[in-house]
Amino acid sequence: MDPKERMKIPRQPMPEQDPKERVSNFYEVPHGYTPELAMEEAKRCIQCKKPLCVAGCPVNIDIPWFIRLVAEGKFVEAARKIKETNGLPAVCGRVCPQEDQCEKVCVIAKKVEPVAIGRLERFVADYEREHDEVTIPDIPPWTGKKVAIIGSGPAGLTVAGDLVKKGHRVTIFEALHKPGGVLVYGIPEFRLPKKIVEAEVDYLRRMGVEIECNAVIGKLETVDELLSNGYDAVFIGTGAGLPYFMNIPGENLVGVYSANEFLTRINLMRAYLFPEYDTPVLKGKRVVVVGGGNTAMDAARTAIRLCPEEVKIVYRRSREEMPARIEEIHHGEEEGIKFELLTNPLRFIGDEEGRLRAAECIRMELGEPDESGRRRPVPMKGSEFTIDCDVAIIAIGNGPNPLIPHTTPELKLTKWGNIVVDQETGRTSKKGVFAGGDIVRGGSTVILAMGDGRTAANSIHEYLTTGKW
Amino acid sequence: MFEIVEKRELAHRVCLFRIRAPLIARKRRAGQFIILRINEHGERIPLTIADSDSEEGTITIIVQEVGKTTSVLCSLKAGDRLLDVVGPLGKPTHIENYGTAVCVGGGIGCAVTYPIAKALKETGTHVISIMGARTKNLLILEEEMRSVSDELFIATDDGSYGHHGFVTAVLEELIGEGRKIDVVIAVGPVPMMKAVSSVTRTNGIYTMASLNPIMVDGTGMCGACRVTVDGQTKFVCVDGPEFDAHQVDFDELIRRNRTYLKEERIAMEELTYHEGPRCYEKKGV
Ligand SMILES: Cc1cc2nc3c(=O)[nH]c(=O)nc-3n(C[C@H](O)[C@H](O)[C@H](O)COP(=O)(O)OP(=O)(O)OC[C@H]3O[C@@H](n4cnc5c(N)ncnc54)[C@H](O)[C@@H]3O)c2cc1C
Ligand SMILES: Cc1cc2nc3c(=O)[nH]c(=O)nc-3n(C[C@H](O)[C@H](O)[C@H](O)COP(=O)(O)OP(=O)(O)OC[C@H]3O[C@@H](n4cnc5c(N)ncnc54)[C@H](O)[C@@H]3O)c2cc1C
Ligand code: SF4
Ligand code: SF4
Ligand code: FES
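Chains as they are written, first to last, in this note's numbering: chain A, 1 to 469; chain B, 1001 to 1285.
Do not rely on the hints blindly, as some may be mistaken.
Quick look at which bits of chain B chain A covers, simulated, 3 or more residues with Cβ under 8 Å [claimed, not checked]:
| # | segment |
| --- | --- |
| 1 | 1034–1042 |
| 2 | 1074–1085 |
| 3 | 1224–1233 |
Among the chain A residues that face chain B by a calculated CB cut under 8 Å, a handful are [said to hold, decoys possible]:
| # | residue |
| --- | --- |
| 4 | 216 |
| 5 | 220 |
| 6 | 264 |
| 7 | 265 |
| 8 | 272 |
| 9 | 275 |
| 10 | 401 |
The hints are simulated quantities; they were obtained by calculation from the structure and are not laboratory data. Every residue gets a Cβ at the ideal spot worked out from N, C-alpha and C, and that includes glycine.
Bound-form chain B, shown alone (with noise of 0.2 Å):
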């Protein structure tokens, strides 16, 4: 059993947790994940370590509630108890001194992008991060990601705070007033991603994408993760989750992550059903 040591909430639906896994928090590096299962009927999902403390024997994960099994995590408290946690899986982000990175993270993707920000930082990479957000009290992590980078821009869709627009318009800026960039980091949602990666393929600009598709045992064994990267299929688990943004065929991906649609639903039925009006409902907007 893994022990919830400390719980925040970071935003509106998003929570951060701390969890005892000290053999986790010693190996890990920038860019893996984790699986975990909440309880014996609990699904297994992924999410990224965002941070670790190897002393305290912690790891970090935030999440944001989007179905059934997030919202029951996001019910938690710190001192409960989780079933499984299994990792550090997935590949380590190739961390070396790229001159200059522009990291993008949407949304609950700058929990993403906050671990290879900080790792890239360390390297003397000149970081250039940019955050985006649909409104001002969905952004996260912004002091953090403050802190690891070396110029911070901040979009919003509606304009409540930062640029008025979306990431890759401060992208488009960058690169428009001639800005040197090496490489490009994006994460967030699928379609983001993509919207990034048609902007710096056009300027030929080299870009990882740290993809988020279904996935079962993490190990590669079920193959549940696929994804065509150059016309190839790859297991994200292990071959990932970082990809060369502009050979990763994203609209499969997004077609293969609403597999389950209608289960979904279903499921957060059940989930609404059988507990009554949940806390994340009366949760402060």
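Chain A on its own, in the form it takes in the complex (with noise of 0.2 Å):
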């Protein structure tokens, strides 16, 4: 086929669930590309002989040979060749912002709809672990080092797995109670499910990774203890798990939650499927989201499963500049969440008995440009009013948690208290002791933490072999 006939061939979509369907379960909401739609979509590719899709996938895979393999109908080696350089493509696959990254750039792009890399990726790692040809990679003897990783997210796993394969003895530490980071508590089911997750962390265990959990580094043991008591380094993915709030009147009224614990309350503890499972949520009538990134569209598409009456999203600036993925938000809209843009809260009102009652807000204009390039939305004096809500969830950010970083004052922080690393290595400004991931970015992406793991890894097996710091 010469590249024009492949460029006449559609995006083949992806089936889903009927939205009328999926807004009263949690199941996966995109069912998956099928062999004959996955080998379709292969069939656009036009394997450039200078592929920029490569260059826009932060881990570099080799997109183009990937998708050849998935043309000829030799699935497995796909995904083989896919985890040579990303040890999560099933997670990848499904939450990476590829119309940002690899499908941004693809060359066909300019002219007709990118290639699908992602839904292709998607579909070979899941045919690869549905058919049981998940092989166990051969692990090195012991080198007689051994490395702490405190944070199961996706910036821990990849360095457990990378270090591993070098034959270090790894042990992750992981303070909640499931190993996953926000693959396990905050992305929710619908958009991740959760067997995806526990089955990478499984291999990882597998290939001779240990894990720890309800290990609270910095209370049960601090850096320097993990380092004196025989680990030869330390890479810390400890997330950005600490919640802002906007500092506005009322936010304490019962109904108000913090995105991370609305989320958390259902991905981590199914309190959808209370009382079976005996962690509560508050389901509430109508429900007010503030934010405009990922984390508001999981809130408010989470929230909408509880079948309110209503779910609204209340977000500052207008729908060009929300910085969630297009799919989620036509997700969203689909399944009937409705959007106040250019709209703030001022306060939150309550009734007698502390609980939520209202949001009382103001509309938005924007203004001249700010700092991130976006215009500043500014309050529009006089336009106040008020949107009745029994739960309102925020999602404006999250800030690095700053338990690892009191307990080890040699580490150099930014103004913000996220850790300060070497870009190249990953080093910190403490011996022995690694960084990557939100702890280090602040909120970012999976795949750039698992990047992140993945140089840190590099260096940390260098500075094991060498002992050069």
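Need the complex rebuilt from these two chains, each delivered in its own frame; the hints are there to steer you.
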């Protein structure tokens, strides 16, 4: 087939659950490609000599190569090709913002829709897992070195996988009772089924990675204690787990949640299955979600599945500025989520029992661009109005959790409290200690956290073999 | 899995457990707590570490049955295992020789004042303890408290033992006698802490309260445990659990602790429905 013919094939849609059905369940929304759809979509790739897509992927997956394998029906080989550079393809294929990364720069995107790289990645990873084709690589003999990894999010999991394959002994310490970080407590089941994360974690365990849950480093043991108790290096991948609030009146009323709390109750603690599971959550009749990012969309789409009368997203800028993925906004709209754009809450109003009753808001207009290059929202005088609500979810971002920095004074921090590292190596200011992911970057993405993990694993390996800092 | 090595009933619906958790036992200090989850369907609940034995590798918790999780917990026996125990969480109590300290423990709060009184006693602080309970057979840890206190007062609401009345009456009496008190530590039901706090505020005595909001993770990640202290929002699990009582918005804490009243009732109904009349209902009064 010549490129012209290939580009005539339309981008293959991914079958998904009907919105009417899915708003009352937590099953995954898209069903994924069938082998036929995947092979058809793979044909659309023109196999560029200079594949821009590869440069658009933070971990530089050999995209044309794996897509060619898909087109030939060699799905398992394709999965293995991806795994050379990306340890969590079933996760990334689902949650990567592909439209801003690999697919954004896909060469054919100039003329037609880009190749559905993410969907293909997801398909081959699922295929490999569902057909029991996942194989455990040979693990070299123990080097005699031990590494402690703090946090089991995508950054920590990546470091663990890379280092164990190089023959080091690896222990992950995780504060919560389940490993996975945001992948288990934040991103909802309908976007990333927890069994996929479990399978990835299980794979690491089979390679010999030890995982200690219920271990809050900084409390149970400090970084210094880990280093003096037999660990030769430490990686800090503790994420951005400190929810920001708006500091407006009424924020501590009953019914006002941080997105972290709301999502943790539902994802990690399974409050949507209450009382079968013991953890409760307020479902609400009218729910307001404040924010415009992925977290806000996840909170809103989760809230609507608890069957309230109404879920509204309140965001202070306009739709164009919403940082959430377009696909997620689209999914949310289909599910019936309403948007109050260019609107900002001023205060929450409660009843005499301290329960949330309404949010007083003000309309905004866009002024001059700010540091982020986006036009700054400014309040319009006299435009105050109230939205009735009994649950409000604050999803305006997270800061770095200070537990480890506070107990490890030698770590250099930014003024926001993020750990400072050398970009090329992931080294912190403390010998033998590396860091990556959201604790370094602030809120970012799964794939960038994994990229940091890869970088750190390489330099940890170098440090362990040469002893040089 | 965390094994229960000993279980004892201290009073009606109050049980003591010693749990094998060697790392926590080695690290914990007075004032800190754990979060546990009994089984896969369970809720995460915070409980104070009342004592520990680092040689034996155990921690002691004292639990009052108030809802589903604490009831299920109190139905467990020695040899049973808990799925998850995480800790030690929270900041340890600031312990120094204060001169004279009054430890006020109401009900299950005595489980929290006990380790604090013990640590204070070791610094040479003169420890006066006031223990309160609704009625005599709800009083816990009397012997233990006696062993770490220089003076001990008991108050019961119904007068069945010790002073007839509230702990605040005993405290006011001490203050009225002109006793020099350098610090008061108050732990118990929120209304009790609020009452103690208003007594000491008028007398200008520095007072610490150990707060018990609803929690989820216990690491500062969710914000469920937020309280207002001196007009600012604090997370009790990482900034506390102890705060300057005179600055705490107790009314807000009371309201926030009532968030799930309806759900708590449903959970208890489920429990009795599924498991029939349970042992805790038959347990000796
Ligand atoms: C709701 C939500 C939706 C998102 N959606 C997307 C998306 O669609 N696509 C995307 O690319 N990105 C998304 N992100 C961002 C992405 O999840 C994060 O950038 C990524 O998970 C960061 O990975 P990490 O490994 O640095 O940390 P995390 O995933 O945050 O994991 C950190 C882990 O460390 C543990 N920990 C913290 N402190 C300690 C301690 N002291 N001791 C032991 N363990 C500790 C935590 O419990 C946690 O498990 C989303 C984020 C949220 C919150
Ligand atoms: C830092 C900290 C230390 C604690 N230490 C102890 C301890 O040593 N021993 C002990 O018995 N309890 C302690 N608690 C309280 C304990 O966590 C709660 O009793 C428990 O979570 C109730 O769970 P449940 O499912 O049995 O009851 P639920 O069904 O959740 O609640 C039943 C009733 O109990 C009350 N309640 C609910 N949550 C709390 C709470 N957080 N604090 C106080 N009352 C509550 C309410 O009146 C509620 O209606 C502590 C709490 C905190 C935050
Ligand atoms: S990992 Fe993400 S950016 Fe890279 S190819 Fe896959 S979907 Fe694209
Ligand atoms: S840029 Fe697009 S068409 Fe070119 S190799 Fe990559 S995926 Fe294929
Ligand atoms: S319990 Fe989650 S922040 Fe304190």
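Proximity test - 8 Å, beta-carbon atoms, the segment 1224–1233 of chain B to chain A, at least three hits | holds (count 5)
Any CB of chain B closer than 8 Å to the CB of residue 401 of chain A?
-> Constraint on residue 401 of chain A satisfied, holds at 6 Å.
Can the hint on residue 272 of chain A be confirmed by a CB-to-CB distance to chain B that is less than 8 Å?
-> violated, 13 Å
Chain A covers the segment 1034–1042 of chain B, three or more CB atoms within 8 Å, holds or violated | Check passed, 3 qualifying residues.
Close enough to count: is the Cβ of residue 275 of chain A nearer than 8 Å to one in chain B?
-> For residue 275 of chain A, the interface hint holds, since the closest Cβ of chain B sits about 5 Å away, which is under 8 Å.
Supplied contact hint for residue 265 of chain A, tested at 8 Å Cβ to chain B | holds, 7 Å
Tell me if chain A covers the segment 1074–1085 of chain B under the three-residue, 8 Å CB rule, please?
-> holds (count 3)
Hinted contact residue 264 of chain A with chain B - closest CB pair below 8 Å | Holds: closest Cβ of chain B sits about 5 Å from residue 264 of chain A, inside 8 Å.
Residue 220 of chain A as chain B interface residue, shortest Cβ-Cβ below 8 Å = Check passed: Cβ of residue 220 of chain A comes within 6 Å of chain B, closer than 8 Å.
Under 8 Å, Cβ to Cβ, is where residue 216 of chain A needs to be relative to chain B, so tell me if that hint holds or is violated.
-> Because about 6 Å separates residue 216 of chain A from the closest Cβ in chain B, which is inside the 8 Å limit, the hint holds.
The structure fails to meet hint 8 from the earlier list, while all remaining hints are met.
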